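Take the sequences, apply the hints, and build the full model.
Here's the letter readout for the chains.
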Amino acid sequence: MTGMLKMNGIQAINAAMHEAMAADPKVLVLGEDIADREGGGVTGTMKGLSTKFGDRRVRTTPISEQAIIGAAIGAAMAGYKPVAEIMLMNFTTVCMDMIFNHAAKLRFMSGGQTSVPMVIRTLTGAGWQTAGQHSDHLEGWFAHAAGIKVVAPSNPADMKGLLLSCIQDPDPCLFIENGMTLFVPGDVAADQGPIPLGKAKVVAEGSDLTIITWSAQVMRCQMALAGLAETGISAEIVDLRTISPWDKETVLASVAKTGRAMVVHEAVRNFGPGAEIAATIAEELFGQLMAPVRRLGGPQCAVPFAKVLEDAFLVQPADVVAAAKALMG
Amino acid sequence: MTGMLKMNGIQAINAAMHEAMAADPKVLVLGEDIADREGGGVTGTMKGLSTKFGDRRVRTTPISEQAIIGAAIGAAMAGYKPVAEIMLMNFTTVCMDMIFNHAAKLRFMSGGQTSVPMVIRTLTGAGWQTAGQHSDHLEGWFAHAAGIKVVAPSNPADMKGLLLSCIQDPDPCLFIENGMTLFVPGDVAADQGPIPLGKAKVVAEGSDLTIITWSAQVMRCQMALAGLAETGISAEIVDLRTISPWDKETVLASVAKTGRAMVVHEAVRNFGPGAEIAATIAEELFGQLMAPVRRLGGPQCAVPFAKVLEDAFLVQPADVVAAAKALMG
Amino acid sequence: MAELSNAPKPDGEALVDIYRRMLRIERNDDAIRTAIRRGRLTMPYYSARGQEVIPATIGHLLTNEDQICTIYRGIQDMVAKDMPLKPLWAEIAGRIDGTCKGKGGPMHLTHPETGVMVTTGVVGSSMPIANGLAWAALLDESRRVVVAFFGDGASNIGAFHESLNLASVWKLPVLFVCPNNGFAEHTRYEVSTSVDRISRRAEAYGMPGFTVDGNDPDAMFAAVSQAIERARVGEGPTLLECTTFRFLGHVLGDDDFYMTKEEKDEALAKDPLPALRARLIAGGHASEEQLAAMQSDIEAEVAAAQEFGMNSPLPSVDELRRDVFEQEIAA
Amino acid sequence: MAELSNAPKPDGEALVDIYRRMLRIERNDDAIRTAIRRGRLTMPYYSARGQEVIPATIGHLLTNEDQICTIYRGIQDMVAKDMPLKPLWAEIAGRIDGTCKGKGGPMHLTHPETGVMVTTGVVGSSMPIANGLAWAALLDESRRVVVAFFGDGASNIGAFHESLNLASVWKLPVLFVCPNNGFAEHTRYEVSTSVDRISRRAEAYGMPGFTVDGNDPDAMFAAVSQAIERARVGEGPTLLECTTFRFLGHVLGDDDFYMTKEEKDEALAKDPLPALRARLIAGGHASEEQLAAMQSDIEAEVAAAQEFGMNSPLPSVDELRRDVFEQEIAA
Ligand SMILES: Cc1ncc(C[n+]2csc(CCOP(=O)(O)OP(=O)(O)O)c2C)c(N)n1
Ligand SMILES: Cc1ncc(C[n+]2csc(CCOP(=O)(O)OP(=O)(O)O)c2C)c(N)n1
Ligand SMILES: [Mg+2]
Ligand SMILES: [Mg+2]
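Protein chains in written order, with the numbering used here: chain A, 198 to 526; chain B, 198 to 526; chain C, 482 to 812; chain D, 482 to 812.
Hints listed in this document are in silico derivations from the structure and should not be mistaken for laboratory results. Note that the structure is a prediction, hence the values are computed from the model and not measured. We put the beta carbon where it would ideally sit given N, CA and C, even for glycine. Wrong hints could be hidden among the right ones.
[To be verified] Here are the computed lysine-lysine pairs in the DSS-like style, where the Cα-Cα straight-line distance is at most 30 Å:
#1 A:LYS504 with D:LYS567
#2 B:LYS522 with B:LYS396
#3 B:LYS249 with C:LYS742
#4 A:LYS522 with A:LYS504
#5 B:LYS504 with C:LYS567
#6 B:LYS454 with B:LYS203
#7 B:LYS396 with B:LYS223
#8 D:LYS745 with B:LYS223
#9 B:LYS223 with B:LYS249
#10 B:LYS249 with D:LYS567
#11 B:LYS203 with B:LYS398
#12 C:LYS745 with B:LYS249
#13 B:LYS203 with B:LYS249
#14 A:LYS522 with B:LYS445
#15 A:LYS249 with D:LYS745
#16 A:LYS445 with B:LYS223
#17 B:LYS398 with B:LYS249
[To be verified] A few chain A residues facing chain D, derived, Cβ under 8 Å:
#18 ARG234
#19 GLU235
#20 ILE260
#21 SER261
#22 GLY324
#23 GLN326
#24 GLN497
[Claimed, not checked] Computed far set for chain C versus chain B, every beta-carbon distance over 12 Å:
#25 ARG501
#26 GLU743
#27 SER768
If you want it as structure tokens, here you go:
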């Protein structure tokens with residue numbers, strides 16, 4: 198085994214970008230504030246790229262998200278591999294036409310004559326009190342769109358490995374960063390390479406209950422493990438990592454073993470991505486489950502500002518423990 | 198019982214608009230091509246309104262969907278009840294910020310000081326060979342958004358009644374028309390008034406299986422009834438009518454009775470609105486179902502152009518029959 | 482608005498080629514309309530009859546490497562860009578030999594070999610993508626230029642603004658070409674547009690903008706040549722508003738109730754196709770016989786294409802699982 | 482750009498009122514920053530220190546019935562519009578007595594009673610909604626005007642374009658007010674914007690547009706009065722670009738690495754607050770004593786507001802079910 202490095206998500210993403218750009222001159226970067234003159238991105242994930250790879254490949258853009266995604270689409274169709282940043286996930290709503298009607302569909306609508314190998318990186322997540330227009334987890338929307346892959350890593354190693362895979366992928370990928378996990382350090386192998394898309398990871402083994410989760414909620418579910426153990430519940434945690442296409446095999450194998458499942462996500466519960474996973478588990482393991490599949494997600498409201506409300510909006514470790522207890526009957 | 202009129206969806210919507218505008222001077226209409234000078238909307242649903250109620254209340258707009266929804270939001274906040282048209286559902290992607298980050302959230306984010314009583318009417322549906330950018334059913338996205346109600350009627354009477362309710366509703370409503378049902382005539386009571394939002398309707402009674410569906414798929418499920426009867430399956434069809442908030446009570450009561458459920462929608466199956474309904478049924482009726490809940494929806498691709506592919510994209514009556522047979526075991 | 486200086490002029494050969502492209506567009510348009518009327522094609526159709534000079538001149542001036550992004554009303558742009566008619570017909574007939582295997586249809590025709598990169602059905606959306614193709618042209622250090630076609634109505638949508646600004650700041654080799662036919666669906670220009678000339682909007686982006694008579698091959702030739710030259714030498718984008726008229730309304734079947742008989746008659750009287758034909762003859766650039774031969778060649782090509790398209794096999798339903806991603810989706 | 486004619490000038494009383502509004506903005510800003518530094522407030526904060534003349538002049542000239550739509554960097558606009566400070570502080574402290582019951586926070590402050598209709602965190606999105614409020618003002622046959630504030634960076638987003646076009650075509654009573662502070666986050670104006678003056682973009686919408694020194698109360702007073710007058714009498718919208726500078730960077734904590742020391746020093750030297758103070762004294766419009774009393778009144782108001790806000794109760798978690806719809810969501 199090679200050496201391990203301690204780095205946080207920002208450093209992991211930055212490392213992935215440096216490696217990808219060095220390895221392939223076709224990799225481009227564009228977005229607001231992303232050149233070094235502007236600070237290498239608001240969280241600094243793009244630091245050093247414009248200095249090292251030049252202003253032609255690394256371009257700070259106007260605040261024009263439709264133009265950003267359009268430029269990425271066009272460049273991708275012409276053989277480049279652009280990594281476009283939409284600063285926050287809520288702002289995908291101003292360029293949704295470019296993403297949904299174009300990036301995701303051009304390969305199909307052209308009968309495979311053109312393709313759009315681009316990555317959209319975006320940041321989101323409650324916890325910083327940025328309230329209703331800066332915190333939403335909308336992965337469910339994109340997972341419902343055919344033609345785009347959706348990735349939501351929870352830790353630095355996965356951030357590096359999955360971003361490398363997204364960049365190499367021949368199709369558009371949405372790479373979702375969460376503001377609560379970006380600053381948390383973790384172990385990353387010095388030679389951490391691409392991690393295949395579409396593969397979940399069992400991050401805690403257990404026998405009573407499978408918790409399927411992703412992004413920052415992996416961390417909160419892990420924080421629930423102690424409380425679960427205390428009440429004698431042995432929980433298996435599956436970090437889904439890729440939301441679309443999702444790893445049915447790993448999830449179903451785990452739930453087949455434990456007999457109980459709970460999906461936990463930050464997105465609003467109603468019509469959220471957890472419904473697909475819960476519905477699939479219930480369908481495929483019909484008659485084999487010891488309890489109904491539970492879904493924990495955000496309440497039906499915008500992300501609130503007040504800390505006390507924001508905390509209540511998020512599924513907390515205690516909520517996971519309580520739901521697990523109820524599930525055990 | 199009052200007299201019944203035969204009218205199609207266009208006439209029903211038109212009747213609702215005329216009544217609503219006559220009853221309440223605060224009702225406004227805006228959208229592309231909607232004044233009579235431009236034909237009263239591409240399908241003619243807005244015919245006569247500008248002539249009758251004047252150009253101040255009925256305004257044709259530029260092709261500027263963000264400006265359309267923004268104007269509706271502002272007018273709604275100031276006490277009007279605008280009915281805005283986004284010509285096709287795929288074009289909600291160019292104004293998704295206005296809908297999702299603003300219309301749906303302003304009441305909450307302002308702590309109830311402001312409200313946005315507006316209606317967005319939009320048209321969609323496969324069947325006209327308009328292909329990848331003109332046919333998508335995206336109700337799942339909007340149902341996942343807190344703060345906006347989502348309605349998808351299947352027949353002229355419901356179109357009239359639900360549109361009247363949307364206009365009267367104190368909150369933003371998305372009213373989804375489907376191009377395949379708009380031209381189909383049906384019975385509408387001469388005095389058809391508002392139909393409450395959030396209430397499903399059992400359109401066929403049965404004992405073996407509940408089919409939950411909406412919009413144009415109600416018609417296709419009804420067309421499957423004969424085939425189902427032939428194979429001895431007694432199917433109950435629930436027309437959901439309102440997707441958010443959906444009528445859990447009616448659906449669960451029906452499935453509790455039949456013991457089997459199938460959700461049929463035109464939207465892509467993956468991470469689609471059917472997942473919420475299926476997951477809820479499986480959770481709430483755990484242990485009471487005789488078979489897993491099935492979901493029939495579009496395949497994971499853009500709506501294709503070629504008739505043969507478009508037909509295959511849509512869930513057809515034969516698919517419903519085949520799935521029902523499989524479900525009966 | 483900027484002034485056109487030292488305007489290059491089309492010679493006789495150029496005019497003949499422009500006419501040939503116009504005729505190919507028109508004969509093809511006619512065949513499509515006939516096929517639809519006879520129920521042989523089932524598709525929404527947005528004819529550009531009357532607007533032929535614009536694409537024909539542009540098609541004449543572009544090289545095969547140059548690229549275009551166009552819209553639902555874009556078949557004329559593709560035909561002028563030398564897209565082969567056989568796969569075009571197979572596509573609009575929804576067949577497997579179509580450029581897009583029947584998946585895209587008329588609103589999403591694509592043919593990268595001839596530079597037809599994107600056809601979009603969403604108003605305004607040709608422009609942001611054209612920028613990206615143009616960015617790639619710069620990165621490739623090629624001399625490629627990209628043309629983004631869009632309508633007058635599209636000049637009011639946000640994507641127009643974002644695209645022109647970015648193209649200007651990045652000095653991208655793009656021609657923003659707006660055939661201004663005075664209507665967006667049924668809505669008159671003045672009802673929706675706050676400026677008398679769309680070209681005036683170029684100034685808001687520090688970009689040259691011109692309004693040219695889109696039915697006049699000389700004016701078009703001059704404006705397009707100069708815009709292409711600017712783009713090729715790295716001077717950046719140009720906005721060209723080309724005034725014209727849609728003879729057949731928005732979509733086939735449109736009854737034109739929203740226009741006056743006078744304005745329509747006036748426009749029809751200025752049909753650019755017979756006008757250029759007459760000029761070719763009068764100027765001695767071509768003889769009646771040559772033009773008749775040209776026409777029968779084109780008609781033969783169109784007929785063969787129609788024949789080919791209509792007889793191409795239907796796509797298999799397995800196609801729904803293909804081209805969503807590079808890797809086929811499992812059955 | 483259009484020319485300002487017969488410019489109205491602020492008299493002494495007006496200048497004093499403008500100064501008072503500026504001081505209220507600045508003292509409140511200072512208190513917020515202090516509270517954040519001391520950990521008493523936890524919120525993202527976008528100070529507008531240095532830009533006070535713009536909102537203060539507008540606040541002075543608007544009536545209570547007039548409305549504004551502003552952005553994340555908008556607290557100065559609200560304060561100048563006479564929003565009471567107590568519910569403002571309760572809101573930014575996330576308390577139940579906040580204008581929005583703590584649900585919106587600083588980026589979504591709302592207070593219809595004083596005409597603060599929308600605060601948005603999405604760049605550009607103040608403008609489309611302002612149009613709707615202005616449409617309602619016309620329908621109501623009122624003389625209300627609506628001000629949409631947005632930054633220079635926001636002038637490159639699609640919503641700007643769509644909004645100005647619609648406002649012009651519909652002759653809506655809107656003032657589009659752009660404090661141009663030269664930066665969008667860390668990005669310099671020139672890096673992202675293709676035109677030397679944002680006001681030049683007004684022409685693209687057949688709308689008057691002016692660039693005024695946003696730190697000069699006379700220039701602001703003249704431009705805003707005329708724009709308001711145009712709007713009130715039904716002549717439609719105006720675009721006002723007001724040049725200024727953000728003294729404290731984009732977000733609190735910003736270290737300004739992206740600007741030169743010279744440009745920052747130069748801007749700081751032009752701090753409009755002491756400049757107007759000196760002018761009031763020099764012009765005999767107010768005495769040192771009067772201004773000192775004004776300042777202590779304001780400081781007392783701010784302190785009381787802070788006290789009130791910090792001591793207001795936290796919202797109950799039941800609030801998550803309220804105000805989503807008019808009808809409360811069942812627990
Ligand atoms: C974003 C969006 N809004 C609305 C439409 C519906 N639509 C299709 S064509 C059209 C009119 C476009 O007019 P113009 O840009 O002048 O082009 P023309 O059709 O005249 O060539 C409209 C409104 C659309 N396709 N996309
Ligand atoms: C659509 C959108 N894109 C990006 C952002 C992130 N963002 C917030 S403020 C800002 C800069 C805006 O600059 P400007 O318009 O000049 O206003 P200023 O902050 O200088 O007052 C950006 C890019 C956003 N809020 N919305
Ligand atoms: Mg037009
Ligand atoms: Mg700025």
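| Structure versus earlier hints - violations, ascending order | Violated hints (numbers, rising): 6, 8, 10, 16, 17, 22; every other hint is consistent with the structure.
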